[in-house]
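> As a plain string of letters, each chain reads:
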Amino acid sequence: MKYNILIGGQAGQGMDTISDVLEKHLKSRGLFVFSNKDYMSRVRGGHNFIQIRFGDEPVYSHYPELDLIIALDKNTIEFHRDRLKASGSIIADELIAYQNERVISLPITKATKEIGFYKAFGMVAAGAALKYFNISLEGVEKVLPKKFSDEIKTKNLDAIKKGYELLESRLSLSEGCTSNNILINGNTAIALGALAGGLSFYSAYPMTPATSIMTYLSKKQVEAGIVVEQVEDEISAINMAIGASYAGARAMTGSSGGGFSLMVEALGLAGITETPLVVVNSQRPGPATGLPTRTEQSDLSFMLTASHGEFPRMVIALRNPEDAFYQTFRALNLADKYQTVVMILTDQYLADYRMTIPKFKLDGLKIERYISGEEVLEEGEEYRRYKLTGNGISPRLIPGKVEGQIVLVDSDEHTEYSHITESAEVRNAMMEKRMKKLELMKEDIIEPEYFGVEKPEVVLIGWGSTYGPLKEAVEMLNNEGYRVGALSFGDIYPLPQKLLRKYAEEAKVLVNVEQNYTGQLAKLIMQETGIKMDKSILKYDGRQIDPKEIYNRVISEVL
Amino acid sequence: MKYNILIGGQAGQGMDTISDVLEKHLKSRGLFVFSNKDYMSRVRGGHNFIQIRFGDEPVYSHYPELDLIIALDKNTIEFHRDRLKASGSIIADELIAYQNERVISLPITKATKEIGFYKAFGMVAAGAALKYFNISLEGVEKVLPKKFSDEIKTKNLDAIKKGYELLESRLSLSEGCTSNNILINGNTAIALGALAGGLSFYSAYPMTPATSIMTYLSKKQVEAGIVVEQVEDEISAINMAIGASYAGARAMTGSSGGGFSLMVEALGLAGITETPLVVVNSQRPGPATGLPTRTEQSDLSFMLTASHGEFPRMVIALRNPEDAFYQTFRALNLADKYQTVVMILTDQYLADYRMTIPKFKLDGLKIERYISGEEVLEEGEEYRRYKLTGNGISPRLIPGKVEGQIVLVDSDEHTEYSHITESAEVRNAMMEKRMKKLELMKEDIIEPEYFGVEKPEVVLIGWGSTYGPLKEAVEMLNNEGYRVGALSFGDIYPLPQKLLRKYAEEAKVLVNVEQNYTGQLAKLIMQETGIKMDKSILKYDGRQIDPKEIYNRVISEVL
Amino acid sequence: MLDIKLYNTNDENAWCPGCGNFSILDALKCATAELEIRPEDLVVVSGIGQAAKTPHYIRANGFNGLHGRALPPAQGIKMVNKNLKVIVTSGDGDSYGEGGNHFIHAIRRNMDITHLVYDNQIYGLTKGQGSPTTALGQKTTMQFEGVIQNPLNPLALAIASGATFVARTFTGDREGMIKILKEAIMHKGYSLVDILQPCVSFNKVNTFKWYMDRVYSLDESYDPTNKVLAFQKALEFGDDGIPVGVIYREYNKPIFEELHPVIRDNENVIDRVWNPQDAEKFIEEFM
Amino acid sequence: MLDIKLYNTNDENAWCPGCGNFSILDALKCATAELEIRPEDLVVVSGIGQAAKTPHYIRANGFNGLHGRALPPAQGIKMVNKNLKVIVTSGDGDSYGEGGNHFIHAIRRNMDITHLVYDNQIYGLTKGQGSPTTALGQKTTMQFEGVIQNPLNPLALAIASGATFVARTFTGDREGMIKILKEAIMHKGYSLVDILQPCVSFNKVNTFKWYMDRVYSLDESYDPTNKVLAFQKALEFGDDGIPVGVIYREYNKPIFEELHPVIRDNENVIDRVWNPQDAEKFIEEFM
Ligand SMILES: Cc1ncc(C[n+]2csc(CCOP(=O)(O)OP(=O)(O)O)c2C)c(N)n1
Ligand SMILES: Cc1ncc(C[n+]2csc(CCOP(=O)(O)OP(=O)(O)O)c2C)c(N)n1
Ligand code: SF4
Ligand code: SF4
Ligand SMILES: [Mg+2]
Ligand SMILES: [Mg+2]
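Protein chains in written order, with the UniProt record's numbering: chain X, 1 to 559; chain G, 1 to 559; chain W, 1 to 287; chain Z, 1 to 287.
Hints may be right or wrong, so weigh each one.
To be verified - Taking lysine-lysine and the BS3-like style, the derived pairs with C-alpha atoms no more than 27 Å apart in a straight line are: (1) Lys146/X with Lys182/W; (2) Lys359/G with Lys24/G; (3) Lys147/G with Lys253/Z; (4) Lys532/G with Lys535/X; (5) Lys188/Z with Lys127/Z.
No wet-lab data here; the hints were simulated from the structure.
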């Protein structure tokens, strides 16, 4: 069983806290939880909402049909009531006085007055919602925000209890027994993956929806012993990170499309100086400022070739918070291994949605730095940063670490010693040295994940954050007997081709499902393999596609 | 008949003047001339050279085999003597005292002493070279640099005459009768195309090899009555040009790869605000600083998708100075027509080589601004900058030009009135409005130029500045009976497909010939049409491929 | 004086209730109304941020561009049409952070544009990170141990860069603000007005009261034409007082529009009459 | 004192004969030799330009990055390894043009790095266009009617931005140059040395003689610790004289490395010992 709650109101009405308490409590009751936010680009007012899905089976995505709406204002009812299931209800304060048979009008404001704490409004509503689903309140005191004082906590607890008494349960769910789960969003998972991966330097400039990566890292900088620097602009962010990396740090930077656009010159700097660097682009709808708080997957084509000139790069799209953690960890290793740029693509949807996932396992993980010391030098040998080796990768020393040796890097074409050259032969050798890495990388590439029936007629092809919606959509289609499967790409460049070719041969219809206008993965696939999509399901309105929409569009446009 | 001269020496030795005088005089004698420079990234010293090809039939390209070397230093002989034809010679000062049977040792320094003007060295050499080819001196006084005083002119003329007497003619050429030709390089042709096209604003930051576009425009700004502004950085350059364009100017900016990289965020600004803009990228080898004074075609993939998000753009590659003029003119019209970005791709080779071409014809040319006035408004109607029209193009007013009406543009997603919106419906409508233009553009797209035999077995596919080398190579191959042709692309995006598909069907072997490592046009063709190249001829050492090299590689690698 | 309603738009305002920006918007409309600048003769140019939303809330020509990039288009506009009044409305992050380079170079150009910085000493729109003017030690939503970069002093910087009109005003002083905005707009050349603007949502240090307790108006006795003294005055910021008023003013420095041979001697380039054939003379030189 | 030959490289020098850069290179080597900074403990960081080629001509760790972007990597390096001496060698275009924003913000950070600007008042490498410090009215290979942007005053700007060591020196004064470079390198915090460097190829106005005729050394009587006077002194530039020496100096302002809790209290982050399992505590919080 899965249920779906929507909490709606204006920016500044405290929806985040209601949602936080509900999600954590549901999780602590052993349930799976998935929540996502729909925010406008403003600090107060407007209309925002949060959706929480939960159940006793895994939840991978948001979903349009609602079981309960918690309406903090009238607009919420107006905007969302059509999405209620037949059995669904709306909880609203009696003062909103909305005439509709679905509305359960509750004396919420009155309850806050009784407690003598008007800010408790949200907690009364939360209590009511828990009762609605017949979720026990046991342990709810533990999920109240830590920043609350004891007094406030008590008042909030009272409020939840009061809310719990305001109505009867309408639905019910056997409580779950998952226990080793964490509740986390994509950006925090990136930050944690980086922390686990030994990140020691992060420089960035605030930009929604990438900011929260820096915020989390900044909060932990002292405890983790790393340097997190907010800089004057994104150009500084990436150049500073490259400097730090050159000096031996594990360095990363991140932004959203606009900030990423400003970084592209320096991608080539990392490329030609062969400096390891991880860059995160948390996408939002463009072009330019676009829709700053919404989601899109429209920077993929751009990232594949961003920056003038040619150099090897890897592009990894994150599919869910689990991926976010492990792939960020891996990206740091790969950047060091290949001494070049590894780009991580995520988007606002994945950045901000929270879900319960198994706690990250640190045991198998290993930090691999590929940093050399004097052992790579013969007696009396002068270090060559760009020594031509068989595989294109030169031993990397860290400045100041090897007595008598200096480390010089250069953005011009250079000799093995890193001095500027105009020799055609050296140029060719250096281009080939660098580009060879692209071939090596192919060995590290991970195939996309396939799910669905074994011999599919239709294969949906997606990447990144559509993973969850695709997964649920395929399940729905399979349940109804449709022979559908999906390939969800994480590693994108170099493009993994094995499964793609296999399913392209087996299936009758290939359909790319992307959150953009031009079908960017489809273009890449065509370019690299000649495999052409038969249909496209594209969406570019800034809202994440949901399983139902995929399901509907597959049925109406594909099958 | 075609001959080929090389003038070599160190930066600062005045090779430019020698070459200038020779080229202009050859042209004035009715000959076709083609000259290109090979310069190092330094102001003095090093080794630089210039090659001049000329003849009584059109010359499209530089060529490796030399008839004459004018050596201003020893290195020049060392570096280039192997390229001399069997019949070739080297002119050098007797003081260089180089022992080699090819060297015609001349008392050049001595001659300058006689004239009493040591700077006349180059002119003595020029005179000798003219004599070598038996070119009459008639009219040579007219081609001396205008900036010279009369006195200096006289001395230089003396020097040329002295040089002319130092040796006997070895080769001879019937003088030509072309008369309506101009001698011009690619960047100047871009600047002239822009001037003819009504450019009124150019903002840029110096960057080789794009700088000379700005230099020429700046020199003419007063006479032409336009504004040319050197700005603090490339970000300012493009944003300022967009501002000027918004205000009604015909605006353009230009840079090389690194500076272009810094402009990419603002490409999206032009895209979403629907502001006409022409951006020139004069490519040099990357990544990062790369080889600043050399050539490459490695920014094509990048430019196709540069900037986050999606918006319509056109990409036009220039093939030769004639193209440079007419296409720049056309680009300005197209930018206004589609109210978006038109990108012009050139490279160091084309930027700097000079050739004789028919004088630009201005008569058929028309400036089309697509700017509206109050006639597009109903009585009492408030102007909507982003009015949804059938074809995606909204009438454009200029701020301050229509009484009572204001013009508002916005980098966020916006309503017809240009106010910020978060509506999914409006977002969809605006995306579709903008992207529709891509379809419209296809009507304006010009097919690539085909040359070679009628039913080719092998079709070479190139773009931009390889035009000349391809043309001569195909001629050479055809002369030897090989059934080879070439398609040279000018318009690149949207990709013209008619001829491509025709020749892909007819020919057995398709070969992309590109100055980059990854085969960027081939990738685009594959992506857009599924047509795959059978072979690739790629070059990325910073030197332009020449007809002989193409010829050789076609024979050894393709046929 | 024009009717202030001329400048009203029906775009819904997205600023927080109580935000200092409302006062600035009001003062700006008053200033333009009093100066009788018609909406079609005015261009309000901005980057991205809360301040930068201004073009949507005042009916005038408007260019709402990229974060940090308000000044380049503003100058581009003015270069091709000097008849337009160009006012830049931008935040401290927009102007002094992302846009810092354009700031110092716009001053070098000294064009006749007015640059208003809604200085709330914080990044408002992105929710409270430290900005270039956030105080040393202040804790923010990003600087959990407090800011350790020394705050930038925009007025001192502007004076050092050669600006000819450098002023500070405060949203709590409506009359003073209108007066300064009018002077700035009337000033020939680049004018900077740094406006102390409390962000009620994210800056809990530099509140309305905090400013109110510290600001004092420069009176007649202060001579804003002495550059060195002005620099000294510009350095004053903090518990000992924050001067508001015109800190520095230089008369008669030639402006870009007067120095540029084409802009000076011609009609606006957008009105230039030009045919392709007019380029013939340039082409001739290559014969 | 170390052997100056330690810093020699065998990379062929591409500067023009007679260029002022040679003197700077020589002085820089002398300064580091005298201060006994071993090549492996030094990092020379640059952007692109003639000045920016320096890392190739001095044997030390070197980072030759992008045009205008010398300061960000320099700071990144220092943030993760405070043991390294970091010296930035850059041009006027590199530092004040393309890199202007990093300039003012690097000063705000006040890290212990030395910023040398080889100020030839021109773009050398790209062949003579006006730079941010080119004089008003000067004709260049780009500004045919003369520069109309007011020149930027780097020293005034640095002082206004809060720099604690601001000096000017001249390539014609070898001893003075070495002395100032040493002081700048030893100064705790960000130090700017603007070096008057004649470009023999492209700046025919600000020649060696032009500078020689105008520069004068600040003597004992000048007090560089008074910020307002220093600002006034910084404004002096032209026919009435060009002061060389330390224009402004502030002692004891805390530097970034002392204020940053991690850099201050820990070994360099590049030497941190860390295992993935150390992240367990952070993950626990999400249980
Ligand atoms: C290139 C780029 N980087 C970052 C952002 C995100 N961003 C938007 S507004 C802003 C800061 C706003 O601060 P400020 O300019 O002080 O304006 P305020 O909101 O305080 O008025 C930032 C960082 C962006 N839109 N574009
Ligand atoms: C992004 C970018 N823009 C422009 C250039 C071209 N460029 C290289 S050096 C230079 C100016 C150099 O002037 P300056 O910094 O004063 O150094 P100088 O050569 O005078 O020592 C320019 C414009 C570049 N390499 N990269
Ligand atoms: S966040 Fe601050 S600056 Fe922005 S609108 Fe709200 S109060 Fe004003
Ligand atoms: S161009 Fe000028 S700055 Fe560059 S090396 Fe030559 S003289 Fe020196
Ligand atoms: Mg602000
Ligand atoms: Mg310079």
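> If a hint holds in the structure, say so; if it does not, say that too.
Consistency of the hints with the structure:
1. Lys146/X with Lys182/W: Violated, because 50 Å separates the two Cα atoms, which is more than 27 Å.
2. Lys359/G with Lys24/G: 15 Å, holds
3. Lys147/G with Lys253/Z: Since the Cα atoms of lysine 147/G and lysine 253/Z sit roughly 56 Å apart, the hinted pair is violated (cutoff 27 Å).
4. Lys532/G with Lys535/X: Given pair lysine 532/G, lysine 535/X holds - Cα atoms ~22 Å apart, limit 27 Å.
5. Lys188/Z with Lys127/Z: 36 Å, violated
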